[in-house]
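391 is the number that the numbering used here gives to position 152 of the sequence shown; each next residue is one higher, with no gaps.
FYI, nobody ran anything at the bench for these hints, they're computed from the structure.
All C-beta atoms in this analysis are idealised placements derived from N, C-alpha and C, irrespective of residue type, glycine included.
Hints should not be assumed to be uniformly reliable.
[To be verified] Once the Cα atoms are required to be at most 25 Å apart in a straight line, the calculated SDA-like pairs of lysine to any residue come out as: (1) K412 / P289; (2) K343 / E372; (3) K412 / E372.
[What the hints assert, rightly or not] For each label pair, taking beta carbons as the anchor points, the in silico distance ranges come out as: (4) L371 / A297: 35 to 45 Å; (5) E306 / L371: 37 to 47 Å; (6) S382 / R282: 15 to 25 Å; (7) N391 / S333: 40 to 50 Å; (8) E392 / V290: 25 to 35 Å; (9) G279 / S333: 37 to 47 Å.
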Amino acid sequence: MTACCRSGFAPMSTSWLLAASFISLVYLSAAGGVHVAPPGFPRFSWDTLPVFWHAWGAEPFNKSTLEFINRFPIVTIEKGMNSAGAPAHKGAESKIVAAAKQVKEYNSTIKVLFYLNSLMDWSMYDLHQYCLEHKELMWLYDSRGEPVAIRNESLFNLASDTMHKVWLDVLRKANSSGWIDGAFVDRGGDPIQRWPAFKFVSQDVFD
């Protein structure tokens, strides 16, 4: 299992990224013009422009949405998934996994990425509640002792070992569901903290 980020791609230890890997390792048959992706990689062809789906729905996917999603080899399920469902605007981790299950049961060949921000502590995640209870270990503070934020969302302290473990545990749990193929790590190249966004991402997160 691998991860990609919004502003580029970065490896988890020695692994190649999902998106970069399947593009670079696609086998092109010169004789027949057939494009075959390696086993376990997303379906792929140069016959059409490669496109991917990155979005969410306020409610669980219905049949027409799943039919639309079926057009794409890779999908990212965003943090706002099923935001209208109980608990409203909370429990993003389980809601993303539930949506991934819907997609996989509709078409098991689609690769589903779990959305998680590398900097911003979005309030719709259960992770946010942990952060509220352990602010001094999870959040980044400025010289005045105030939490650093983007769009009123506090930022993770990437220098904290506790933050590393808790953040990675979110991905470990998602991966253990069996419905998630990788992670879309947003703001992976954001220089705001002058800290390599993937410094703490290790291969032991995934099998």
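Right, here's what the structure says about each hint:
1. K412 / P289: Not satisfied, since the Cα-Cα distance of roughly 30 Å exceeds 25 Å.
2. K343 / E372: Judged against 25 Å, a Cα distance of about 35 Å means the pair is violated.
3. K412 / E372: holds, 20 Å
4. L371 / A297: 35 to 45 Å: Cβ of L371 to Cβ of A297: about 24 Å, so the range 35 to 45 Å is violated.
5. E306 / L371: 37 to 47 Å: Holds, at about 39 Å.
6. S382 / R282: 15 to 25 Å: Violated, at about 51 Å.
7. N391 / S333: 40 to 50 Å: At roughly 24 Å between Cβ atoms, S333 and N391 fall outside 40 to 50 Å, so the hint is violated.
8. E392 / V290: 25 to 35 Å: holds, 29 Å
9. G279 / S333: 37 to 47 Å: violated, 26 Å
Violation of the numbered hints given earlier is confined to hints 1, 2, 4, 6, 7, 9; the remaining hints are satisfied by the structure.
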